[in-house]
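Read top to bottom, the protein sequences are chains U and S. When we follow the working numbering, the leftmost residue of the first sequence carries the number 27, and every step to the right adds one. When we follow the working numbering, the leftmost residue of the second sequence carries the number 99, and every step to the right adds one.
Derived from the structure by calculation, the hints contain no laboratory data. One or more hints might be untrue.
[Claimed, not checked] Below, computed lysine to aspartate or glutamate pairings styled on DMTMM-like, alpha-carbon distance capped at 25 Å:
hint, chain 1, residue 1, chain 2, residue 2
1, S, K240, U, D38
2, S, K341, S, E328
3, S, K170, S, E154
4, S, K182, S, E154
5, S, K164, U, D33
6, S, K103, U, D133
7, S, K239, U, E298
8, S, K240, U, E298
9, S, K343, S, E328
10, U, K160, S, E328
11, U, K73, U, E250
12, U, K213, U, D133
13, S, K179, S, E157
14, S, K164, S, E154
15, S, K243, U, D38
16, U, K160, S, E161
17, U, K32, U, E250
18, S, K239, U, D38
19, S, K351, S, D329
20, S, K243, U, E298
21, S, K103, U, D33
22, S, K243, U, E195
A quick note: this is a predicted structure, and the numbers were derived from the prediction, not measured.
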Amino acid sequence: MFVILKDLFKYDKRFAFGFSVILILLFLSILSFFSPYNPVLWSLVPKNLPPSLKHILGTNSMGQDIFWNITHAIKNSILLGSLTAVISITIGTFVGLVAGYRGGSVDRALMSINDSFIVLPSLPILILLSTMLKERLTIAVIAVILSLFSWPWGGRQVRAIVLSLREREFTYTAFFSGMGTLKTVLKEHLPFVIPWVMANFINTILWAIGMETTLAIFGLSSLETPTIGTTIYWANQYQALLRGIWWWILTPVIIAVFLFLSLYLLSVSISEFLDPRTRLQRMRMEEVST
Amino acid sequence: MNLLKRYILPRLIQYFIVIFIGITIVFLAPRFIPLDPVISVINRITAYGAQYMDPEALEKLTETLKELYGLKGSIFEQYIKFWKRLFRGDFGPSLTIFPTPVISIIKNSLPWTAGLLIIAALLSWSIGNILGGLAGYFSNKKWAKVLSVIAMVIYPIPYYIMALILIILFAYVFPIFPIVGGYSIGINPSFSFIFSLIKHAFLPALALVIVGIGWWFLSMRSLTSTITSEDYVVYAETMGIPKNKVLFQYVMKNSMLPQITNLALQIGGIFSGSLVTEYVFSYPGIGQVLYMAINNGDFNLLMGIVTFSILGIATAALLIDLLYPLFDPRVRYR
């Protein structure tokens, strides 16, 4: 595992970039535990100060230090994303496994439900759900709501892998040597599925953070908890852009761009690493070009 | 006949399943969530001044609201009623713009959203696919690598952040385009009206197109680079067929097909993006109305918009799917 990471880091620039940025962001989010200010309280520091030595990224109109606030925001956003990913991948993997192994009408029924969730416009329905729950929204509740629309992509992928694994030689070998179905699935097939699940995990985090940010600008998030989305929401509420408090709005936007970019590069590089076809192709192309 | 049975029928069935699931979620959402929309409206009314209310009047109000929201009777009865109202296109009156029916508010704003969505989707789909195809085919060229890096940086940025970046850029750094509204006020329908329309739609469309191009570019490039190593392409190249012809008639033609299916799958996501973009640029479409509905707790309007978006997106996806046999002869003759 560690060797693979090291190799990826060395030979894939995208992985190196994504991984380092994520490490920096994780470091920032760990810093939030040492924050001198409580992120929920207002008027702790003078308002609207531009960046200075005392307040590295300035302060906002609510009297909060932007740097320490953003560390909390990064932590909460990543937490939200991971929670969504855990829930939705559990559902997705389960549905994919059942559909793939059962086949027939069970497969068809599950996959048409799966496809329906892919086609349905997620944002309006998520807005409806979070409007109804407006007063009770917490990070956990948002994660549950978001999972409703993030499981089907993983489900489809796991099913495709299972379908190809089911027909392989070693499955038959296991079957004829008397291994039970459950044991075959857990011991022989799961190791193939897990790497895909990892790439999918990162993608779901990415999607969830983006969706929470989108919901937050409509004011449909846990507004007192700092996340990247709610930080932008409050900056917009106080018209930070029009009043020239650029450090307030620019900080979350830049952090968001870097977070999304690095997560995406990580997932691309991992899934490319996992897919032997693209690896072969790349090797062939390198041969041609040299 | 065979085509109908094998291709069109399953898609139609899938279409009805999508609508059924979507509408059922919309129906269940307010009923299974512990917060009662009726109570929240009453709380809102009492918050706006009317501190004391006659208990009898309150009772009546609750009844009326329940009737209005279709919350009367057993859950099964409610469900049947919900579908009946849906078929009549009756979503009740809007509460913010009382007594305008929800359906006519949606009718007014729908053309704006549809126009923006269709233009942005078509533009980003065609530009992204052409560029992606070129970059996938000539993947060793320098410009192809530069384009790939740019697409990779742009694609993961959500629509909302992109819209915000554009606003920061064009409101402060280069103030050329108007950043709010659908057209300038007080212009009669004429050439200048159309010009004003385009000018106002430019930035919202740009935000959608930029992010869209990133996604279409990346998926097209990977499709093309797989197809480029297929035997028939290598054979065509060895035969000395000009590169342009190989690219457009052998490679692009084949890699375009999955992208049509992808468009059907992605249209919901693009729609979500356009809702957000409209809100950011105060463009007078569904997104703007949606924001108003959320802010004012306008339950009817919200339900109407969500139902309409499900119907609209499912239908759009079905239409794209039905167009597919026109492009793929393998589906037509088998």
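Unsatisfied constraints (hint numbers, rising): 4, 5, 10, 17, 21 and 22
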